[in-house]
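A.B. asks: Below, each chain spelled out in residue letters.
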Amino acid sequence: MTLDFDVVSRSLPYLWKGFVYTVELTAIAAVGGLFFGTLLALGRLSPMKWLSTLAAGYVNLMRSIPLVLVLFWFFFLMPQVLQVMTGADRPPQIGAERTAIITFIMFEAAYFCEIMRAGIQSIPRGQVHSAYALGLTYGQSMRLVILPQAFRNMIPVLLTQTIILFQDTSLVYVISATDFTGAASKIAQRDGRLVEMYLFVAIVYFVLCYTLSIGVKRLQKKIAVIR
Amino acid sequence: MFNLDWSIFFQDSPGGDRYADLLLSGIWWTLGVSFAAWIIAMVVGSLVGTIRTTQNPWLVRIGNAWVELFRNVPLLVQMFLWYFVIPEFLPPLKRWVVAADPAHAQFLSAVLCLGLFTSARIAEQVRAGIQSLSRGQRNAGMAVGLTQPQVYRYVLLPMAFRIIIPPLTSETMNLIKNSSIALTIGLAELTFRSREMGEYTFHFFEAFSAATVIYIAIAMAANRVMAVIERRVAVPGYIAGK
Amino acid sequence: MPMISLDQVSKWYGTFQVLTDCTTSVDKGEVIVVCGPSGSGKSTLIKTVNALEPFQKGDIVVDGIKVNDPKTNLPKLRSRVGMVFQHFELFPHLTIVQNLTLAQVKVLGRRNEEARERGLKLLERVGLTAHKDKYPGQLSGGQQQRVAIARALSMDPICMLFDEPTSALDPEMINEVLDVMVELAKEGMTMMVVTHEMGFARKVAHRVIFMDQGKIVEDAQKDDFFGKPRSERAQHFLAKILHH
Numbered sequence: 001m002t003l004d005f006d007v008v009s010r011s012l013p014y015l016w017k018g019f020v021y022t023v024e025l026t027a028i029a030a031v032g033g034l035f036f037g038t039l040l041a042l043g044r045l046s047p048m049k050w051l052s053t054l055a056a057g058y059v060n061l062m063r064s065i066p067l068v069l070v071l072f073w074f075f076f077l078m079p080q081v082l083q084v085m086t087g088a089d090r091p092p093q094i095g096a097e098r099t100a101i102i103t104f105i106m107f108e109a110a111y112f113c114e115i116m117r118a119g120i121q122s123i124p125r126g127q128v129h130s131a132y133a134l135g136l137t138y139g140q141s142m143r144l145v146i147l148p149q150a151f152r153n154m155i156p157v158l159l160t161q162t163i164i165l166f167q168d169t170s171l172v173y174v175i176s177a178t179d180f181t182g183a184a185s186k187i188a189q190r191d192g193r194l195v196e197m198y199l200f201v202a203i204v205y206f207v208l209c210y211t212l213s214i215g216v217k218r219l220q221k222k223i224a225v226i227r
Numbered sequence: 228m229f230n231l232d233w234s235i236f237f238q239d240s241p242g243g244d245r246y247a248d249l250l251l252s253g254i255w256w257t258l259g260v261s262f263a264a265w266i267i268a269m270v271v272g273s274l275v276g277t278i279r280t281t282q283n284p285w286l287v288r289i290g291n292a293w294v295e296l297f298r299n300v301p302l303l304v305q306m307f308l309w310y311f312v313i314p315e316f317l318p319p320l321k322r323w324v325v326a327a328d329p330a331h332a333q334f335l336s337a338v339l340c341l342g343l344f345t346s347a348r349i350a351e352q353v354r355a356g357i358q359s360l361s362r363g364q365r366n367a368g369m370a371v372g373l374t375q376p377q378v379y380r381y382v383l384l385p386m387a388f389r390i391i392i393p394p395l396t397s398e399t400m401n402l403i404k405n406s407s408i409a410l411t412i413g414l415a416e417l418t419f420r421s422r423e424m425g426e427y428t429f430h431f432f433e434a435f436s437a438a439t440v441i442y443i444a445i446a447m448a449a450n451r452v453m454a455v456i457e458r459r460v461a462v463p464g465y466i467a468g469k
Numbered sequence: 470m471p472m473i474s475l476d477q478v479s480k481w482y483g484t485f486q487v488l489t490d491c492t493t494s495v496d497k498g499e500v501i502v503v504c505g506p507s508g509s510g511k512s513t514l515i516k517t518v519n520a521l522e523p524f525q526k527g528d529i530v531v532d533g534i535k536v537n538d539p540k541t542n543l544p545k546l547r548s549r550v551g552m553v554f555q556h557f558e559l560f561p562h563l564t565i566v567q568n569l570t571l572a573q574v575k576v577l578g579r580r581n582e583e584a585r586e587r588g589l590k591l592l593e594r595v596g597l598t599a600h601k602d603k604y605p606g607q608l609s610g611g612q613q614q615r616v617a618i619a620r621a622l623s624m625d626p627i628c629m630l631f632d633e634p635t636s637a638l639d640p641e642m643i644n645e646v647l648d649v650m651v652e653l654a655k656e657g658m659t660m661m662v663v664t665h666e667m668g669f670a671r672k673v674a675h676r677v678i679f680m681d682q683g684k685i686v687e688d689a690q691k692d693d694f695f696g697k698p699r700s701e702r703a704q705h706f707l708a709k710i711l712h713h
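Quick note, the sequences are listed as chains A, B and C, same order. The numbering used here applies: residue 1 is where the first sequence begins, and numbers increase by one. The numbering used here applies: residue 228 is where the second sequence begins, and numbers increase by one. The numbering used here applies: residue 470 is where the third sequence begins, and numbers increase by one.
Do not take every clue at face value.
[To be verified] In silico DSS-like pairs for lysine-lysine, Cα to Cα no more than 27 Å straight-line:
{"no.": "1", "chain 1": "A", "residue 1": "K186", "chain 2": "B", "residue 2": "K321"}
{"no.": "2", "chain 1": "A", "residue 1": "K49", "chain 2": "C", "residue 2": "K540"}
{"no.": "3", "chain 1": "C", "residue 1": "K603", "chain 2": "A", "residue 2": "K221"}
{"no.": "4", "chain 1": "C", "residue 1": "K709", "chain 2": "C", "residue 2": "K697"}
{"no.": "5", "chain 1": "C", "residue 1": "K684", "chain 2": "C", "residue 2": "K697"}
{"no.": "6", "chain 1": "C", "residue 1": "K672", "chain 2": "C", "residue 2": "K684"}
{"no.": "7", "chain 1": "C", "residue 1": "K697", "chain 2": "C", "residue 2": "K655"}
{"no.": "8", "chain 1": "A", "residue 1": "K49", "chain 2": "C", "residue 2": "K709"}
{"no.": "9", "chain 1": "C", "residue 1": "K684", "chain 2": "C", "residue 2": "K535"}
{"no.": "10", "chain 1": "C", "residue 1": "K672", "chain 2": "C", "residue 2": "K709"}
{"no.": "11", "chain 1": "C", "residue 1": "K603", "chain 2": "C", "residue 2": "K590"}
{"no.": "12", "chain 1": "C", "residue 1": "K655", "chain 2": "C", "residue 2": "K672"}
{"no.": "13", "chain 1": "C", "residue 1": "K590", "chain 2": "C", "residue 2": "K545"}
{"no.": "14", "chain 1": "A", "residue 1": "K222", "chain 2": "C", "residue 2": "K601"}
{"no.": "15", "chain 1": "C", "residue 1": "K684", "chain 2": "C", "residue 2": "K709"}
{"no.": "16", "chain 1": "C", "residue 1": "K535", "chain 2": "A", "residue 2": "K222"}
{"no.": "17", "chain 1": "C", "residue 1": "K601", "chain 2": "C", "residue 2": "K590"}
{"no.": "18", "chain 1": "C", "residue 1": "K497", "chain 2": "C", "residue 2": "K540"}
Since the hints were derived computationally from the structure, they do not count as laboratory data.
Let the hints inform the model, and build the full structure from the sequences given.
C.D. replies: Below, the structure is given as structure tokens:
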């Protein structure tokens, strides 16, 4: 069996496009997921029973079913839902790439919610009390005192989750969106060079993720805040 | 709104089987892959996790390398490597794959892939569990004259496994969810069958609802089983980890 | 009209009653010390005054405002009542100066420069100007607690609540905090202090309240309390803690 890694260098522009999409999807899903995840966490911790039950239900649902199935839900059913919502005659075609973005934001929100919830709960109750005692409202206490500390404490975990997200984006393959893995797969099948392409993809992911995780470990050591 | 028709489960697909039966066959494949992979993951993961806690720097490095290898490559890519790439490097394997029923080849690849991927995660849990035990435990074992393997077998591992039952439970649930990725190499597990049903009947909502409910049910069942195990093996008067 | 008045205040955690019919009052300029064994409910009681702990029965009125009235603007009320906590509770992610100015700016709406000036003046008063740009984690316990007092004072409160302010401090640092509190009392601040420090009580308290199992068992003028407390429980307690 002869290996021809030339196929990699020949397809670099196309692979790069896929890689850019992977990075974009990761970044958007991480930021969006963190934003909605924090809101979900506040919802789960709310004393209003209906809100905490709703938030918990959403998070538990997203965490109980495979990401592949969630992707299918959104990909196959979102056009119909949008048709009903906008009153159009035919289901609007949004395309796999955009569907993936929405899906990942909503999926990751559940995971970021649990991380932020742990972070918020790890802040001693005395901090909440002293913020209230000064006259800060709930919103001000959260925004100025609790969330900054919770976020800072959870940065290593949040970053690790982002690295996991970076790997999970490869699953857009199942809805035929073209990310880095998808691009490599298309070249592999077109040129019959599965071994070279998949090995290349594996090596790239390995190098990137390993380097990033070492970075996170270093960061963790540096930001151990003296309380 | 959507025209939901819950009776389609009992209609026949183009292949002749009822959709409900196809989904059922998908469930069996999901459970089969998950169980076989779980065994591999537990055995290999426990071994790797244990050697990472020894004093031997080489063993520790091998263990760490194992974990890093499987952690930093997406599961989908690993699945492709097992199914498309590894047979190319092992001619006997390739011959078997070519001759065998495709479903068997897919099953084998999926089991090995999921098993080893999860073993790395379990290795992490086992390592953490052992290291959370106080040094005194290891010392006490040595002090009465036990050899190192004996210390692990009789003192450290029994407690470590009890401590890590909760994270182990969530790894098990992850494993079951991850089995769905095998559909990318053609294994007709549950998610595959539900999409197939949707594509034939255009009743995606019903199909995916069924899959969703089934996954939730499987997760709850797995949770129950682990809770029973945890209760059975609990040491009286000892709150795990404290 | 007293500055703080509690009338038949009762509180339950589920079925467990932590406070039973607590009634007392604090006049302007008065210093009240609340003492009692662990679990007597004294920390809970003081936290009901600024509504950090809700209560199911009774009334509490602070400067004419009913605390348990659902229509009361609690943040506004709390901004006028200063509170110092056992574990200091400075905000660790902010510098000392920022700790002092945060609430002034966000709650009282003061301008940044004004808040800073006020904060630094109070910081000087507690003797910690040199540390203004440090973070709480870089200060000792006694220093943090003095900053916490300055933080509460920066809101220009009408009264100050202290919840065991020296219980978490190493012995060498207790005095530096008590000195600040004595100064404050001498200047006429209305204070309600939960503490074990009887030396402090003897020096500046007007009245002493003794609590046991959620009830106010004694509420006497200082000299009466230390001279001859009426209840056996209080006598017991005093005998035990006055050894030091």
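A.B. asks: Evaluate each hint against the coordinates.
C.D. replies: Each hint tested on the structure:
1. At most 27 Å may separate the alpha-carbon atoms for a hinted pair to count; K186 of chain A and K321 of chain B meet this at roughly 23 Å.
2. Distance hint between K49 of chain A and K540 of chain C is fulfilled; the C-alpha atoms sit about 22 Å from each other, no more than 27 Å.
3. The hinted pair formed by K603 of chain C and K221 of chain A meets the criterion: a straight-line CA distance of about 21 Å does not exceed 27 Å.
4. For the suggested pair K709 of chain C and K697 of chain C, the alpha carbons sit about 15 Å apart, so the restraint of at most 27 Å is met.
5. A hinted pair counts as satisfied when its Cα atoms are at most 27 Å apart, and K684 of chain C with K697 of chain C qualifies at roughly 20 Å.
6. Proximity of K672 of chain C to K684 of chain C is assessed by CA-CA distance (about 25 Å); at most 27 Å being required, the pair is judged to hold.
7. Between K697 of chain C and K655 of chain C, the direct Cα distance comes to roughly 25 Å. Compliance with the 27 Å bound is thereby established for this hinted pair.
8. At most 27 Å may separate the alpha-carbon atoms for a hinted pair to count; K49 of chain A and K709 of chain C exceed this at roughly 46 Å.
9. For the hint linking K684 of chain C to K535 of chain C, the alpha-carbon distance of about 22 Å falls within 27 Å, and the restraint holds.
10. Between K672 of chain C and K709 of chain C the alpha-carbon distance is near 20 Å, which keeps this suggested pair within the 27 Å criterion.
11. Distance hint between K603 of chain C and K590 of chain C is fulfilled; the C-alpha atoms sit about 17 Å from each other, no more than 27 Å.
12. In summary, the hint linking K655 of chain C to K672 of chain C is supported, as the alpha carbons are separated by about 10 Å, within the 27 Å threshold.
13. Distance check on the hinted pair: K590 of chain C and K545 of chain C sit about 24 Å apart at the alpha-carbon level, within 27 Å; holds.
14. Using a Cα cut-off of 27 Å, the hinted pair K222 of chain A and K601 of chain C holds, with the two alpha carbons roughly 24 Å apart.
15. Only pairs whose Cα atoms come within 27 Å are accepted, and K684 of chain C paired with K709 of chain C is accepted, the gap being roughly 20 Å.
16. Taking the CA atoms of K535 of chain C and K222 of chain A, the gap is near 49 Å; set against the 27 Å cutoff, the hint is violated.
17. Annotation: proposed proximity of K601 of chain C to K590 of chain C holds, straight-line Cα distance about 11 Å (limit 27 Å).
18. Taking the CA atoms of K497 of chain C and K540 of chain C, the gap is about 25 Å. The hint holds against a cut of 27 Å.
Hint compliance for this structure: hints 8, 16 are broken, all remaining hints hold.
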